[in-house]
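Q: From just these sequences and the hints, can you work out the full model?
Going left to right, the sequence shown walks through residues 81 to 336 as my numbering numbers them.
Hints were generated in silico from the structure; no laboratory data involved. For every residue, glycine included, the Cβ atom is placed at its ideal position computed from N, Cα and C. Among the hints, a few may not be true.
What the hints assert, rightly or not - Distance windows between CB atoms, simulated:
#1 A238 <-> T97: 37 to 47 angstroms
#2 E307 <-> P131: 25 to 35 angstroms
#3 R310 <-> W289: 10 to 20 angstroms
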Amino acid sequence: MLSIEDNARTIDREFETGRSIVDGLPYYYQVHLHMPCNQKCIMCVPDGRHPRDTMSFESFSRILDRISGVAKILTLIGGETLLYPHIEDVLERLGRHRMEVNIITNATMLTEALCERLIGLHRLNLKCSVDAASADTYYRIRGTDVFDRVKRNLEMFAGMTKGMEHIRRIMVYVVMRRNLHEVLPFIDFASTLAPHEIQFHPVRHVSSWSVDNGTGWHFDGAEQSCESFRETYLETMRRAQERCSQLAIRCETLPV
Numbered sequence: 081m082l083s084i085e086d087n088a089r090t091i092d093r094e095f096e097t098g099r100s101i102v103d104g105l106p107y108y109y110q111v112h113l114h115m116p117c118n119q120k121c122i123m124c125v126p127d128g129r130h131p132r133d134t135m136s137f138e139s140f141s142r143i144l145d146r147i148s149g150v151a152k153i154l155t156l157i158g159g160e161t162l163l164y165p166h167i168e169d170v171l172e173r174l175g176r177h178r179m180e181v182n183i184i185t186n187a188t189m190l191t192e193a194l195c196e197r198l199i200g201l202h203r204l205n206l207k208c209s210v211d212a213a214s215a216d217t218y219y220r221i222r223g224t225d226v227f228d229r230v231k232r233n234l235e236m237f238a239g240m241t242k243g244m245e246h247i248r249r250i251m252v253y254v255v256m257r258r259n260l261h262e263v264l265p266f267i268d269f270a271s272t273l274a275p276h277e278i279q280f281h282p283v284r285h286v287s288s289w290s291v292d293n294g295t296g297w298h299f300d301g302a303e304q305s306c307e308s309f310r311e312t313y314l315e316t317m318r319r320a321q322e323r324c325s326q327l328a329i330r331c332e333t334l335p336v
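A: Written out as structure tokens, the structure is:
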């Protein structure tokens, strides 16, 4: 049986040469643990009526048993990933394997105990979605008034993982017209957490949306989509790249 590394090299080589029948197995996997979320993000599920589907821990364990011999990278997503009722058990099991784990989270559920579990992973990329640099903008976009709590959680995690090379802190900011003015202040805020990367994702493909999330702000998709202010968006992303470069922070921006 091929080792994890040999299998990855095999399937990469087969992909590059365009083989239609391969010997290698996939080494990147994504597991959607459950659908529930504790926020009402305006660009996602603004009414907060998230589906309730949840994977059993037994099902997750069976999946992990099947892929552990070939998996190099595993991404865990939700809903809110860290809201999964068996998340500590999931992290404990993953900690037994030499695989890279990506977790996408809103950071509302980061506790000291959970941070200890995260630190126990072989390699972790923790992607934290915040989307604002002020409490008011955060509330309008994400539908919950927990900006200060999220800041404290992120500061705690940054402090606990300082200097740990196997932990990568990645900040994510979904850009729309409503929060465009906070892009540069967000970089300055994020820089205090010593992130390995800041990612900016544009809101798009929602021009027909007309929704609200109970915060008193009505979301007009035609106005908020980055396609509607493309030149201003691109200029702001240029300035974001420049600011991150000054701070020696890797920055990912996307075109529209």
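Q: Does each hint fit the structure? Answer for all of them.
A: Now for the hints, and whether the structure bears them out:
no.	hint	in the structure
1	A238 <-> T97: 37 to 47 angstroms	43 angstroms, holds
2	E307 <-> P131: 25 to 35 angstroms	28 angstroms, holds
3	R310 <-> W289: 10 to 20 angstroms	18 angstroms, holds
Of the numbered hints listed earlier, not one is contradicted by the structure.
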